[in-house]
Amino acid sequence: MALTSFLPAPTQLSQDQLEAEEKARSQRSRQTSLVSSRREPPPYGYRKGWIPRLLEDFGDGGAFPEIHVAQYPLDMGRKKKMSNALAIQVDAEGKIKYDAIARQGQSKDKVIYSKYTDLVPKEVMNADDPDLQRPDEEAIKEITEKTRVALEKSVSQKVAAAMPVRAADKLAPAQYIRYTPSQQGVAFNSGAKQRVIRMVEMQKDPMEPPRFKINKKIPRGPPSPPAPVMHSPSRKMTVKEQQEWKIPPCISNWKNAKGYTIPLDKRLAADGRGLQTVHINENFAKLAEALYIADRKAREAVEMRAQVERKMAQKEKEKHEEKLREMAQKARERRAGIKTHVEKEDGEARERDEIRHDRRKERQHDRNLSRAAPDKRSKLQRNENRDISEVIALGVPNPRTSNEVQYDQRLFNQSKGMDSGFGCGEDEIYNVYDQAWRGGKDMAQNIYRPSKNLDKDMYGDDLEARIKTNRYQGRPLSFNIYTSENKVVHSHFSSSLDLFPIRSFLVQTVDKEAEKDQFSLRRILSVWTNFWKKPSNTVALKDPQIAAVPRNMSMKAKREGRSRYFVQSERTVVDNPNDASHMGNTLYMARIKTKSGCQSPALLFITGEGGGYGKILL
Amino acid sequence: MAIKLRNEYGPVLHMPTSKENLKEKVPQSASDSYGHKQYPANQGQEVEYLVTGTHPYPPGPGVALTADTKIQRMPSESAAQSLAVALPASQARADANRPVPTGGEYRHPGAPDRAQPAGAVVMEGGNAKNSALMAKKAPTMPKPQWHPPWKLYRVISGHLGWVRCIAVEPGNQWFVTGSADRTIKIWDLASGKLKLSLTGHISTVRGVIVSTRSPYLFSCGEDKQVKCWDLEYNKVIRHYHGHLSAVYGLDLHPTIDVLVTCSRDSTARIWDVRTKASVHTLSGHTNAVATVRCQAAEPQIITGSHDTTIRLWDLVAGKTRVTLTNHKKSVRAVVLHPRHYTFASGSPDNIKQWKFPDGSFIQNLSGHNAIINTLTVNSDGVLVSGADNGTMHLWDWRTGYNFQRVHAAVQPGSLDSESGIFACAFDQSESRLLTAEADKTIKVYKEDDTATEETHPVSWKPEIIKRKRF
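Protein sequences, first through last, are from chains A and B.
When you number the first sequence by our numbering, it's gap-free, plus one each residue, and the end is 650.
When you number the second sequence by our numbering, it's gap-free, plus one each residue, and the end is 1399.
Each hint should be verified, as a subset may be incorrect.
Unchecked claim - Below, a list of computed lysine-lysine pairs in the DSBU-like style, where the Cα atoms sit at most 30 Å apart: (1) 1284(B) <-> 129(A); (2) 202(A) <-> 245(A); (3) 142(A) <-> 1258(B); (4) 1205(B) <-> 245(A); (5) 173(A) <-> 1284(B); (6) 272(A) <-> 249(A); (7) 147(A) <-> 1258(B); (8) 1164(B) <-> 190(A); (9) 190(A) <-> 1153(B); (10) 1164(B) <-> 178(A).
Claimed, not checked - Chain A stretches covered by chain B per the calculated footprint, using a threshold of three residues with CB under 8 Å from any CB of chain B: (11) 132-143; (12) 157-166; (13) 262-272.
As the list claims (entries may be wrong) - In silico negatives: residues of chain B with every beta carbon more than 12 Å from chain A: (14) 1083; (15) 1128; (16) 1341.
It is worth saying that the hints were derived from the structure and are not from the lab.
Idealized CB from N, CA, C, for every residue including glycine.
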């Protein structure tokens, strides 16, 4: 800056100065008409803060290295932006082909209509217009042949591809190639100048599975561009058309619009069925009337007839009685010795008469029978007189009863299998075993039998007899009642059935034992009555084990057969191994508070024995 | 001006006509640009079907169609009557809708100056803007070919469900139907007697076809099954397994042993008949494919779908050649002309005709305002469109002229709503038309022998302009 101010102005202009001068002059001259649109980079020294952005900022040159921004002179280095605009195409007359946009992306031979003239109807042509004629036979034949070959090829490929195995492809013939190596010499190619190479195609295994996976789904390519729409927009729907298309919703008799079921009464009311009066043909009434009258008449007639019959019968009876009376009269007279002329008839004639009478009766009987059921009668009659051989030959069933025992066939053949054995394959019945395992009596005897040695003292030697006898039938039941004072009271009951309903047992006790031992019996009685009166007492036990008996159990006992229930409830509690009287059977226990004598609570043990022998320990 | 008027009337004229209107047989307007005039009351006709399409002034049968014979010189009696019926209404309507009183511009169609092109009228009016538009030759309707009307001849009942499909055997001895009662039944064509019932499908049978190249019958159903029946044993011998949903239709290639089926899974599949291999799966439709047709010439496969498009396929590559998006509603029926290199497709909005091989649009056949289930054509050029509401329209293929409308009564015991045509087919001699209907019957139609061009004249006006519908 300083230097130029000191120096004088140059006399000679340099080349670039000249150019600048010229440019300035021309610009000045042009400025009158046009504004320069040319953009140029600012000259050196004025580029502070200037950033070249546009293409013009670079002029024709390259980037400005002193400006540290990304620069793309001549768009170099910038990503190419692809434009999908089509180049303008013109036709022979120089008009722009606007249908190029419709043709874009379509194959060349595709026919695309896009012009207005394509929409306009053609002149109606003559029937024999050459334009309207089908291609001639030859052309069609040619087309057919071409198509057929193409399709055949495609089909054969497809069919072959679908085959699991195909015949091995025929190999191409071997090729012979003469080969001259570049390196010649004795050291190379074992001294040969040339080689002949036989080229053979490699054999392919026809069974080889495909080497590449071809089951991959390839997404479909973009569809071909749509064809231009060659019709005017569809007309607006008129109101009438809209109404025509309105399809009324189906109205149900059963469901309302919300889908709920319409109640029956509403439904019936809605369909107006009740509103119509039902017109019934009057002939129904007429028919009913006629039937009624006919019925009444018939009844009257029947009644009348019955009356007549009754009268006839009455008369008959009277006649008969009269006759009898007459006969009696005669008999009386005869007895009285009054002879009548009737007596002179001899016995023979009477006998004949009787026979005659019998015959007549028989005939009448036969007639009656035949009239009553002619067919049955005849058959019966026929079969009655048949010989037995005839009966067999005719196959008439012989209902002869045999004395042999008849078995149900289903009981046999049970060893066959599922179908025959287990209730004929019925699943419902749980018949896993078709018969009992070693059924019969021996089994029960072997298993459920007290050992002899152990219980000999209790039962004696007649254990067998005891087991075999019916337990409760007709065998007196005996109880040993032990009081706490070791008094033994024997009680015998004739009926064993009264063992468990202790109420009756008690009554019987009272009955039978009243005179035996007043004291002990009264005591027992009192014990029992007390026991019944206050069931809660029995529960109030000192022994914690016994006290664990549930209260409701006793309450239940109070309601129905209480002693029995109560006693049973105690059964598990008491298991006294020291007691000699315990014999493997049930041991019942109850705790009773007695009023008389015994102040301390007593224990009651009823030992039920298999043979109907029990002990009550007090 | 007249054209403008007519264009304005268009929407009014082509409002969907209700059934009552159809039955009244009162012409809606004399200026009906389509000539779909109802029959006047004096036309003798049966109760069960309804013939429409009378012209008020038919040209004489022997008169050649020239400029001066277009004017009717001696109107027939019926024509005069119908004119009398037709005129007042049209006049009244014209007056009511006329924006500017233009004296004498709206002449009734019999007026002689109607013969001159419509553009001239406009030029007279001096509307320069309009004239530029209308300067090109106004399309006129060529004279349609006369076809005898078809009348109901026999009703065959026997199916226990909707009859969904029908096919006539190449020998013309019997025909086969498939039904919603899961059976395929074979009927004698001459007597209408049941010959055979085939069971095997477990859902509605939606398509049957008899092979011309083998004694096989192919059937497809909503149970996703495509079956091949051997008609020598009446047994299923092959299953073509692969569709993921109900199979709606099938067709056989005429020259190659290939079967094409289309399905609700929005694909069509090509099967090799012998090996049962699926050669191609033609995917591209975005909704159920309702119908498929095959031909020997290119394009060999044509499918119509519920996604409102028609696709023409390249059978070799299994790719779409052309997609036609002109329909606004689902395309349920496609039919190929037996002789011409054209085809038609039916949709609830229109029936459209197309030209092969590229599917260039030819014309619309509008007027059948119902869901068109089926189309069939005979070599005489009679196109039949059967609709879901039981109506059947018969058209002249070339001109698109609707010469008859039929609505057969349902069989006794059916509801009125159960009338519907699911399929129709001409027999091989093209003397019978068989329709498979929703009232569980098959109806057989035959041409009315007594009808002549005089008794059933063509309602045609040369200057009628077809209204453009896209």
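Evaluated hints:
Straight-line distance between C-alpha atoms of residue 1284(B) and residue 129(A) comes to about 24 Å, which keeps the hinted pair within the 30 Å bound. A hinted pair counts as satisfied when its Cα atoms are at most 30 Å apart, and residue 202(A) with residue 245(A) qualifies at roughly 25 Å. A C-alpha spacing of about 24 Å is found between residue 142(A) and residue 1258(B), which places the hinted pair at or below 30 Å, so the restraint holds. For the suggested pair residue 1205(B) and residue 245(A), the alpha carbons sit about 26 Å apart, so the restraint of at most 30 Å is met.
Taken as a hint, the residue 173(A) and residue 1284(B) pair is honoured in the structure, with Cα atoms around 21 Å apart against an allowance of 30 Å. Simply put, residue 272(A) and residue 249(A) have alpha-carbon atoms about 50 Å apart, too far for the 30 Å limit, and the pair is violated. At most 30 Å may separate the alpha-carbon atoms for a hinted pair to count; residue 147(A) and residue 1258(B) meet this at roughly 21 Å. At most 30 Å may separate the alpha-carbon atoms for a hinted pair to count; residue 1164(B) and residue 190(A) meet this at roughly 27 Å.
Taking the CA atoms of residue 190(A) and residue 1153(B), the gap is about 22 Å. The hint holds against a cut of 30 Å. For the hint pairing residue 1164(B) with residue 178(A), the CA-to-CA distance comes to about 33 Å; that exceeds 30 Å, so the pair is violated. For the region 132-143 of chain A, the proposed coverage by chain B is satisfied: 4 residues have a C-beta within less than 8 Å of a C-beta in that chain, meeting the threshold of three. Note: the region 157-166 of chain A has 6 residues with beta-carbon separation from chain B under 8 Å; the three-residue rule is met and the coverage holds.
Three residues within the 8 Å Cβ limit are the bar, and the region 262-272 of chain A against chain B gives 4, so the coverage statement holds. Under the 12 Å C-beta cut-off, the non-interface status given to residue 1083(B) relative to chain A holds; the minimum distance is some 32 Å. Consistency note on residue 1128(B): stated as away from chain A, and its beta-carbon is indeed over 12 Å from all of that chain's, at 30 Å minimum. Residue 1341(B), annotated as away from the interface, keeps every beta carbon of chain A farther than 12 Å; the closest lies near 26 Å.
The earlier numbered hints that this structure contradicts are 6, 10.
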